Structure formats: C-alpha cells, structure tokens
Amino acid sequence: MEPIYLDHAATTPVHPEVTKAMLPVLQEVFGNPSSVHHFGRKARQIIDEARRIIAGSIHANEKEIVFTSGGTEADNLAVVGTAMANRDRGMHVITTQIEHHATLHAAEYLEKQGFEITYLPVGSEGKVSVEELESALRDDTVLVSIMAVNNETGMVQPIKEMGKVLKGHPAYFHTDAVQAYGLMDINVDDWNVDLLTASSHKINGPKAGGFLYMREGVQVSALQYGGQQERKRRPGTENVSGIKGFQRAVELAVENRSERQQKYADFKQTFLQKLRQENVQFVVNGIETETVPAIVNISFPGTNVEALLTNFDLSGVAASSGSACTAGSIEPSHVLSAMFGKGDDRTINSIRFSFGLANTKDNVEEAAGRVASIVNRLAE
Amino acid sequence: MIYLDNSATTKPYQEVIDSFTQVSEKYYGNPSSIHRTGAAAERLLWRARQQAAELLDVKEEEIVFTSGGTEGNNTAIKGIALAHQKRGRHIITSCIEHPSVLEACRGLEGLGFSVTYLPVNHQGLVDPAAVEAAITEETILISIMHVNNELGTIQPVEEIGKIAKQYPKLHFHVDHVQGFGKVPMPLTNSGIDLCTISGHKIHGLKGTGLLYAKKGTHLFPLMHGGGQEQSIRSGTENLAGTVSLVKALRLILEEQQKGKQHLLDMKERLWSCLDKTKQVSINSPAGHAPHIINISVPGFKPEVLIHALSEKGYYISTKSACSSKNEDVSAVLAACGMPESKSSSALRISLSYHNQQREIEGFCKALGETLHQFSEVMG
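So the protein lines, in turn, are chains A and B. Residues in the first sequence are numbered consecutively from 76, following my numbering. Residues in the second sequence are numbered consecutively from 3, following my numbering.
Simulated from the structure, these hints should not be mistaken for laboratory data. Be a bit skeptical, because a hint or two may be false.
To be verified - A few chain B positions that, by computed beta-carbon distances, are all more than 12 Å from chain A:
1. D7
2. Q168
3. S192
4. R235
5. T244
6. Q359
7. R360
To be verified - Below, computed lysine-lysine pairings styled on DSSO-like, alpha-carbon distance capped at 30 Å:
8. B/K314 <-> B/K303
9. A/K117 <-> B/K367
10. A/K95 <-> A/K338
11. A/K307 <-> B/K13
In this text the structure is predicted, and so the values were computed from the model without any measurement. Cβ coordinates follow ideal geometry from the N, Cα and C atoms, glycine included.
Input sequences plus hints: build the corresponding full structure.
Here it is in structure tokens:
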C-alpha cells in the first residue's frame, strides 16, 4: 500500500525548491564566511541575505537572529544561556509542564545549578493560563519560557496575552515557536517576546538548521566558545548551504502561508469527517478550534498506542504518539499526562496526526480510511 | 581562480553533495520516529555510524555526530570538565590551540577551573615532558591538537598519549580537524579518549563533524533534549549531513593513500620557491604537515599581499579564519617567539589533494611579481 506520511510535526520532507536553492551554494560557494577573500565574501553575502529575509519573517532586526544547528540548540541557548547570564538578578524561571524536552531538560539542568523552576500546569484543554503565569511571577523571576504551539496537541498558547502581562516585568520572555513558525504570522514586537526559537526541518528546510531570535540587549552566555561567528553567541564555521536552504524554506512558507493554512484545515476536516463516517469512536484532544491546522491529536477509546502505531505503520500510515524526540520509546506522553492526569486512558490511546507537504486531500482521506478500519478492529 | 586556502575550508566532493541531496530527498524521516519512514532513517544513520567507525577503526558507540569542529571541541572539553569536576578541576592545553579549544578553556576558568597553557618552542612544538610535568592530582583533561592550523606543526600526540595512559584518571583530547586525511593518527590503543573531526575541512559539508569518544568516557552534554547520540548530543539528527560526512571521510582517506606523494611534491615545489624568494621567510617547520606552509614577508601588510594575489587569481589567507580579533598579529606565531615583524606579516598557503603543480608554479610566479612590484613602488 502507498505510504502516507502524517507526521509532519516530527519532521518534514525537504521542499524541492529548497534543494534547488542549496545546490549551487554547495557546488560553488564553498568559502569560509570568515575569510576575507572572494570565496569568503561570497559565502558571507549568502548568510547576510538569509539573515535579512529570516529576520523579516518575524519582524525582527537582522542583528537579532542567531543561526544555530537546530531547535534543540536554540532552546538550550535561550533557556540555559539567559538564566546563567542573568543569575545575579534572580534564580527563578517559569516554564510549563507541556514544553518540548529541549526546554524541559534544559530547565532540569538549571535546577541542578540551583535555580528554582515553576512548571505551570495546564487544564484538560492543554492551554497554559495567563492568570497562572501572572501569579507565578516573582521579583526574582529572570526568565519565562513558554511554547507558542504545543507539538503534540497543536494547541496555540496565548503568547500575546502573556507578553502583555510580562511587559512591566524585567524577566526575559522566550517562546519555542518551532511548531508555529511558518504556519502563524509572528511579530516579535506584537508578541512582546525577547527570545524565539525556530527550526528549519519543521518547515521543509534541511535538518540541522534553526535560529534563536534575541532581542537587542538580551544577555546570554554562549553554550559554545570559539571564533567570532554569530557575534560570539554561536561560534563555529557557518553552515552556509544549510542557511541558504532555510532561507528558501522560509520564503516559501511566508509566500503561501494563508493558502497552506486553508489547505491543512481542509485536510484536518477531511480526516475527521472520514473517521465519523466510518463510525470510529474518537475524541479530539485539546480544543479543536484553538489548534494549528496542521496538527490533530486524537484519542481512540479502547485502544492502545503501541498496537495502533504498529498497525498504522503496517498499513503505510506514518503517525506518532507525540514527540518523536523521546528517542523511540513509547512512554505515556508528558503533555497528555499534564492535561488529563497520569494514568488517564487518553495518555496511552492517543495519536498525533500532522499534515504537510507530503499530503493531498486524496491521500489524507485514504489514510483516514485505513486508520478507521484499524481502530474499528482494535477497539472491538 | 586558484584556491590555496584549504585550511579555512574546502570545496565539497561532488559525491558528498550527491549523497546529501539524495538522502535529503529519500530519507526525510526523523530517526526517532517509530514508523517505517523513521525506521528507514534510523537504519541509514546506523549504517553511517558503522561505516564511520570502520573507517576510524573504532566502535560504533564511540562515534558522536556533531555540527562541526567547534561543537566537537566544546563537547569534549566542557563535557569532560563538567562531568568530572568532583575528581579535579585542572586542565592542560597549549597556547596555540584553535580558538574553540582556547576559548572553551577560558570559559571554564570563569567557572573556577584552572588551566595550564603550555608554551611551544620556535617550531610550535609542545614538549611531552612539559605535559607530564604539568600533570597534578587535580588534572582531568589534556587537550592538544594534532596539526596546528596556522603553521602545520605536528604535535607529538603519540608520546603524549603514552603519558596520558599512565594516568587513568585523566582524559586526553586531540583536535584532529586539520590533521584528518592528511596526517594519519591511529586511535586504537593511542591513549586518546576524545578526537574532534570536522566535515568541511575534508571536502565534506559545513555543519557536519564528529567526535570520537572512547567507550566509557563520561561527558556532560552541551545541549539537553531528546537524548539523541547516546545523550551526548540532543537534537534531531542531520541524517543527510551525516551520510555525506561519512562519504567525505572515506574519500579523503582514499586520497590520503593515493595522493600523499602528490601533496608532498607540491609542497616541496612551493617550499623551494618560497625559500628562494628573498623577502620571504618560512615559518612552518620543515617536514611537518604536507598541506600547510606559513610564511612571513616582513615589511608588507598581509592584507595588501592577499588582495594583490587575489587580483591575479590566487586565494590564500593571513591566519586562522576564526580569529580576527587583533588585526595583524598571529597569536600562534607570537607564541613561537617570533618577533612582531614576522608575526604581523604572516601568510598561510594551504593545499588540497586537488591542487596541481602548475597552480603552485603559477602562485610562485604571481607572488614573485607582486613582491617585485611593491618593492619598486616602495623604492
């Protein structure tokens, strides 16, 4: 059976236009951007242009973009870097129970360094509450790190409202926007964020690319030391072709944003409608109207994640039980546990389907049909 | 355009680019995903790891794929320091390491570690006896590069490895970024616990590299997250980059076999012409790395010469592309005890297996003409 990829929140295929943009750079522009000669200057120009375009995509200044090796590095730089650089101002950090592991494990590291971390809870709808954030804020809070869109449920978090709350507070505000970038119109001033993480391979760019937006004046300690690259905030010879590919992916994402939003929303409806038609028992986790169109997380009562995923895979449907980054193991999702409580059935019978470049209305409907017959068989 | 700055970066092999694009297109899955798209990616990653291990003659689990040399060096140095600080807080390195080693060490000084920066002799050589003499009860790490990036000096890592072996409590890290594919350095039984390799210095892609970490070496990660790469390096794996890196490893090792004499011949030709040019003095020690020659042209500003040579189509550099803080003076040459007239007028010519004898001859001619023109102007 034709394989159908419904796991775009884990990673996405590289857009052919992206590969096309990278090829000439790989072949011709191989200089080290730090070299002063022709080869170096050519490479430098590519990075400068990419920085300008990418900064524009979130309404930032190009000086505020630090290229990294991906989302994990950017999250670590944001969380560990700002906390460590500002520890004399306070040692309290606020984040949430539903962050990506890059943020959560960075926060755990800070705990070992003597920081106090508040992990904001979420209700069963999977949304962080602005009031909870407000009441958790303290004079010694130096950093607030809250994701823009949850990677498992697709729930959009009230970043803009939180930004307003934080306006009068000296704490830095970081948002992991990996799942939002490319799908939402992001304006860092409008959101009032000081730091923002984005990743290339989630938006049809090459892997090992990402950036951290750092508002001018934000103090961070670098994770790595070395040359003068990225104004010392991220040393190492720049991945010139990767940055070019990321730029192209960003351009494509921005150009077709509303069209894609519409398309993915349509895919999601097609998918859910087919399940209903086939009389599948299911509940959408989170509030459907408050999720990004590309992600839907569905609980299938009476089933089990492992059996579901194995059977989906055998039928050619690639989906996931949540974050792919928990390295192969199927543990109950920490996000769903935070929403429903540990031990709730939904933490072990829910699947994330995520739409993207590899999908058409037809293959989404076809996938839903396969999912329906598997679920109906297993749930009997 | 003749590119003689291969220590700054190299042109990727076409085969490397091909494997990158093919893997990008066909294996886009996340290796951590459990479905077949992910599993196919994971299998390919495993195969790449196996091949890398085979090429380096080490075990699969000893390979950590990184985003490059800087990350490899930082992971090794900060990783050992933070994981073993209870045992001791002393590090030994040399004063002519790459900035990613020196700055990592300085960063650790800020955290309360003490660092011995060993001096070098006029050839840029670290004395193994000085390494041994610097070891204390507190020493947890020795970090010495194999081939110096500015001079081409080959450090006595084999001897230092033997010394390191006698102190099982400490770790020995070698920055092999400039040496790999040019100057062999066996890892097995070497006393080396950690070794950094970068992709873009061996005709691989930028943003790729690997760190060899001997089995049982405990490292504290630079980045926290999904636990990829044995939890030493979290983050979705750069599968296409990794496969292309392994391709570059294989190709450069093949070239090392086949092209060794060609490289030496070119260097010899270059050496003899530079030696005959009266304004030039050669800084690189004779008989060291086959691909790097460092010279000084006292009285000439290096940028001026670089510019004039590039107008004639020849591209070389002043010093490390990564260190441009103090405009002219090379910290490496200064550490070798060279006077400022030399340390501030240094040029580096670095070759690859792909250069040709006629390019070397052309360069010698261009340099001669340039110096002649300037000498006349300066009267």
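Consistency of the hints with the structure:
1. D7: The claim is violated: B/D7 sits with its nearest Cβ about 6 Å from chain A, within 12 Å.
2. Q168: holds, 30 Å
3. S192: holds, 25 Å
4. R235: violated, 9 Å
5. T244: violated, 9 Å
6. Q359: holds, 22 Å
7. R360: The claim stands: B/R360 keeps its Cβ more than 12 Å from every Cβ of chain A (closest is about 20 Å).
8. B/K314 <-> B/K303: holds, 17 Å
9. A/K117 <-> B/K367: Answer holds: A/K117 to B/K367 is near 26 Å, not above 30 Å.
10. A/K95 <-> A/K338: Holds, at roughly 24 Å.
11. A/K307 <-> B/K13: holds, 25 Å
In the structure shown, a violation is registered for the earlier hints numbered 1, 4 and 5, in ascending order.
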